[in-house]
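Protein chains in written order, with the working numbering: chain X, 1 to 265; chain W, 1 to 183.
Bear in mind the hints are in silico, worked out from the structure with no lab data behind them.
For glycine and all other residues, C-beta sits at the position ideal for the given N, C-alpha and C.
Please note that a few of the clues may not be correct.
Listed below are the simulated EDC-like cross-link pairs for lysine to aspartate or glutamate, each with C-alpha atoms no more than 20 Å apart in a straight line [stated by the list, open to error]:
#1 W:Lys11 with X:Asp24
#2 W:Lys58 with W:Glu18
#3 W:Lys21 with X:Glu40
#4 W:Lys58 with W:Glu8
#5 W:Lys122 with X:Glu39
#6 W:Lys120 with X:Glu40
#7 W:Lys21 with X:Glu28
#8 W:Lys37 with X:Asp19
#9 X:Lys11 with W:Glu8
#10 X:Lys44 with W:Glu55
#11 W:Lys120 with X:Glu7
#12 W:Lys11 with X:Glu39
#13 X:Lys8 with W:Glu55
#14 X:Lys8 with W:Asp47
#15 X:Lys14 with W:Glu142
#16 W:Lys120 with X:Glu41
#17 X:Lys44 with W:Glu123
#18 X:Lys8 with W:Glu123
#19 X:Lys11 with W:Asp29
#20 W:Lys144 with X:Glu12
#21 X:Lys29 with W:Asp47
#22 X:Lys48 with W:Asp29
#23 W:Lys58 with X:Glu3
#24 X:Lys5 with W:Glu147
#25 X:Lys9 with W:Asp29
#26 W:Lys37 with X:Glu4
#27 X:Lys29 with W:Glu123
#28 W:Lys46 with X:Asp16
#29 X:Lys29 with W:Asp29
#30 W:Lys37 with X:Asp24
#31 W:Lys37 with X:Glu17
#32 W:Lys144 with X:Glu17
#33 W:Lys144 with X:Glu7
#34 X:Lys5 with W:Glu7
Taking beta-carbon pairs under 8 Å as the criterion, some of the chain W residues facing chain X (in silico) [said to hold, decoys possible]:
#35 Ser13
#36 Lys21
#37 Ile22
#38 Tyr24
#39 Asp29
#40 Tyr36
What follows is each chain in one-letter form.
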Amino acid sequence: MDEEKLEKKLKEIKWDEVDNEIVDAHREKFEQSLLMYVEEENRKQVTKRKMRLSFAFALVGILVFTLLVSISRFTQGGTFEELIMKNPTELKMYNDIKALLPQNSLPLKIKINKIEEDKNLGITNLYVNLKNSIVIIDSKQRNIIGVGFPLYHAEQSAYRSQIINLTEREIEEAREITLSNSFIKRLSVKSIEVENPTVFVDSYEDNLPYRVGKVKVVTVNGKVITVFVDLTRNRVLDITDTQNVLGEYITRDPEIHNFFYDLGV
Amino acid sequence: MKEISDEEALKESLVHPEVFKIIYERYHDRIFRHIYKLTQNVEITKDLTEETFYEVIKYRETIIKSGVPFEKYIYRISTNEVYKYFNKEKKLRKFQGKLYEKEEIKGITDDKSEEIDNEKLKEAINNLPELKRICIIMYYFEDKNIEEIAVILNKGKSTVSRILNEARNDLREALWEKFEGKE
Numbered sequence: 001m002d003e004e005k006l007e008k009k010l011k012e013i014k015w016d017e018v019d020n021e022i023v024d025a026h027r028e029k030f031e032q033s034l035l036m037y038v039e040e041e042n043r044k045q046v047t048k049r050k051m052r053l054s055f056a057f058a059l060v061g062i063l064v065f066t067l068l069v070s071i072s073r074f075t076q077g078g079t080f081e082e083l084i085m086k087n088p089t090e091l092k093m094y095n096d097i098k099a100l101l102p103q104n105s106l107p108l109k110i111k112i113n114k115i116e117e118d119k120n121l122g123i124t125n126l127y128v129n130l131k132n133s134i135v136i137i138d139s140k141q142r143n144i145i146g147v148g149f150p151l152y153h154a155e156q157s158a159y160r161s162q163i164i165n166l167t168e169r170e171i172e173e174a175r176e177i178t179l180s181n182s183f184i185k186r187l188s189v190k191s192i193e194v195e196n197p198t199v200f201v202d203s204y205e206d207n208l209p210y211r212v213g214k215v216k217v218v219t220v221n222g223k224v225i226t227v228f229v230d231l232t233r234n235r236v237l238d239i240t241d242t243q244n245v246l247g248e249y250i251t252r253d254p255e256i257h258n259f260f261y262d263l264g265v
Numbered sequence: 001m002k003e004i005s006d007e008e009a010l011k012e013s014l015v016h017p018e019v020f021k022i023i024y025e026r027y028h029d030r031i032f033r034h035i036y037k038l039t040q041n042v043e044i045t046k047d048l049t050e051e052t053f054y055e056v057i058k059y060r061e062t063i064i065k066s067g068v069p070f071e072k073y074i075y076r077i078s079t080n081e082v083y084k085y086f087n088k089e090k091k092l093r094k095f096q097g098k099l100y101e102k103e104e105i106k107g108i109t110d111d112k113s114e115e116i117d118n119e120k121l122k123e124a125i126n127n128l129p130e131l132k133r134i135c136i137i138m139y140y141f142e143d144k145n146i147e148e149i150a151v152i153l154n155k156g157k158s159t160v161s162r163i164l165n166e167a168r169n170d171l172r173e174a175l176w177e178k179f180e181g182k183e
């Protein structure tokens, strides 16, 4: 059979058509259920769209929050880094540390590892990459108020400030600051003794006044806690608890635990 | 009053379901007839027509976004439904262990008359593989041109031409013995 014949035949042939009645009957019968289906499908779409929208909003919210936190951290970190690096006292201190390091050691680069704010004390602790080194910042004034190592290391450290005598008034102030401290208040205190001469003025600069009183707090059990008080700003800077007097408090009270953890005690 | 276009009606139906009636009334009969031509079975045609409209409703947004004219899209969906049905049928037959006769185009040799009649040609068309059958029916019995078939099947024009040629060859082969004898 050649192509032409087949083509002709295919054009001639009449393919079966469906009866109009069948088509009409189906159209009428199916219409109602189809329209109901459209309605149902629209409802589903609206729900789906709402869910997608909520999800998108939540996602955007999370992203914005993360971004803001990152920016804030970055800005804060930058500010503090600037504060440390531009401060002559700090530079001097790190230069001193550097001088103590062996000649062939790697170059010393100061980096802030962790920033923790203590809202109760109004201070921010900057944990830097030198052993036990913390820089304490006045959260409100954005000034360095504590330098170098935690104060309880000051006496043994390479960095040492001068020792001076406190006045009677300063001694009284140191006692008051210590007594008003919420952590000390929880203890059964037997005596509070402000050491004199005891003050660490760990500033190389005259324009950075920083007077610290060392207060010895003795509990009823005869155990000793040392409190370093910033007399210039009327606040407790550091508490040392070498005899672990506060151990039981620390384990019981998460707030205290965190406080000492922050201080690196 | 200006007549609303298919695409507008489809879009509007997302908010007002009753507008879908416009689409339904415009296309029900055409799609029903189209499917019937391909399947030659009323019950199957009913099912597949319904499936076609359900699919249209489900994918309204995709159809609107696609930019393909709605008419072509609905034909594409319905033809696809037929194609899926044919495939399912084929698998079922295979599963049941029956020889699917349509797989192999048999020569129509049992006819005693010399002229090839329409019924034999129809039988040969119905014995064509699915895609070839669909192309032949759309081309010859629905007066669709190659371009339209290509859009409906979502294939290239050259592919459709090739399928049509192959289908014609298959038909010739199936009818060969008959005509050879005559010629």
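Checked hints:
1. W:Lys11 with X:Asp24: Roughly 26 Å between the alpha carbons, so the hint for lysine 11 of chain W and aspartate 24 of chain X is violated.
2. W:Lys58 with W:Glu18: Within the cut-off at roughly 15 Å; holds.
3. W:Lys21 with X:Glu40: Distance ~15 Å between lysine 21 of chain W and glutamate 40 of chain X Cα, so the pair holds.
4. W:Lys58 with W:Glu8: 16 Å, holds
5. W:Lys122 with X:Glu39: Not satisfied, since the Cα-Cα distance of roughly 42 Å exceeds 20 Å.
6. W:Lys120 with X:Glu40: 47 Å, violated
7. W:Lys21 with X:Glu28: It holds: about 11 Å lies between the C-alpha atoms, which stays within 20 Å.
8. W:Lys37 with X:Asp19: 12 Å, holds
9. X:Lys11 with W:Glu8: With a Cα-Cα distance of about 37 Å, the restraint between lysine 11 of chain X and glutamate 8 of chain W is violated, given a limit of 20 Å.
10. X:Lys44 with W:Glu55: 15 Å, holds
11. W:Lys120 with X:Glu7: 15 Å, holds
12. W:Lys11 with X:Glu39: 14 Å, holds
13. X:Lys8 with W:Glu55: 37 Å, violated
14. X:Lys8 with W:Asp47: 34 Å, violated
15. X:Lys14 with W:Glu142: Between lysine 14 of chain X and glutamate 142 of chain W the Cα gap is close to 11 Å, so the pair holds against 20 Å.
16. W:Lys120 with X:Glu41: 46 Å, violated
17. X:Lys44 with W:Glu123: 45 Å, violated
18. X:Lys8 with W:Glu123: 17 Å, holds
19. X:Lys11 with W:Asp29: Cα-Cα ~23 Å, so violated.
20. W:Lys144 with X:Glu12: 16 Å, holds
21. X:Lys29 with W:Asp47: 13 Å, holds
22. X:Lys48 with W:Asp29: 32 Å, violated
23. W:Lys58 with X:Glu3: 44 Å, violated
24. X:Lys5 with W:Glu147: Given pair lysine 5 of chain X, glutamate 147 of chain W is violated - Cα atoms ~24 Å apart, limit 20 Å.
25. X:Lys9 with W:Asp29: 27 Å, violated
26. W:Lys37 with X:Glu4: Violated, at about 24 Å.
27. X:Lys29 with W:Glu123: 32 Å, violated
28. W:Lys46 with X:Asp16: 16 Å, holds
29. X:Lys29 with W:Asp29: Between lysine 29 of chain X and aspartate 29 of chain W the Cα gap is close to 13 Å, so the pair holds against 20 Å.
30. W:Lys37 with X:Asp24: 17 Å, holds
31. W:Lys37 with X:Glu17: 7 Å, holds
32. W:Lys144 with X:Glu17: The hint holds at about 16 Å.
33. W:Lys144 with X:Glu7: Distance ~15 Å between lysine 144 of chain W and glutamate 7 of chain X Cα, so the pair holds.
34. X:Lys5 with W:Glu7: Violated, because 43 Å separates the two Cα atoms, which is more than 20 Å.
35. Ser13: Where the cut-off is 8 Å and the nearest Cβ of chain X is about 6 Å from serine 13 of chain W, the hint holds.
36. Lys21: The hint holds - lysine 21 of chain W has a Cβ within 8 Å of chain X, the shortest such distance being about 6 Å.
37. Ile22: Not OK, violated: isoleucine 22 of chain W not within 8 Å of chain X, min 11 Å.
38. Tyr24: At 6 Å from the nearest chain X Cβ, tyrosine 24 of chain W passes the 8 Å test, so the hint holds.
39. Asp29: At 5 Å from the nearest chain X Cβ, aspartate 29 of chain W passes the 8 Å test, so the hint holds.
40. Tyr36: 4 Å, holds
This entry does not satisfy hints 1, 5, 6, 9, 13, 14, 16, 17, 19, 22, 23, 24, 25, 26, 27, 34, 37, going by the numbered hints stated previously.
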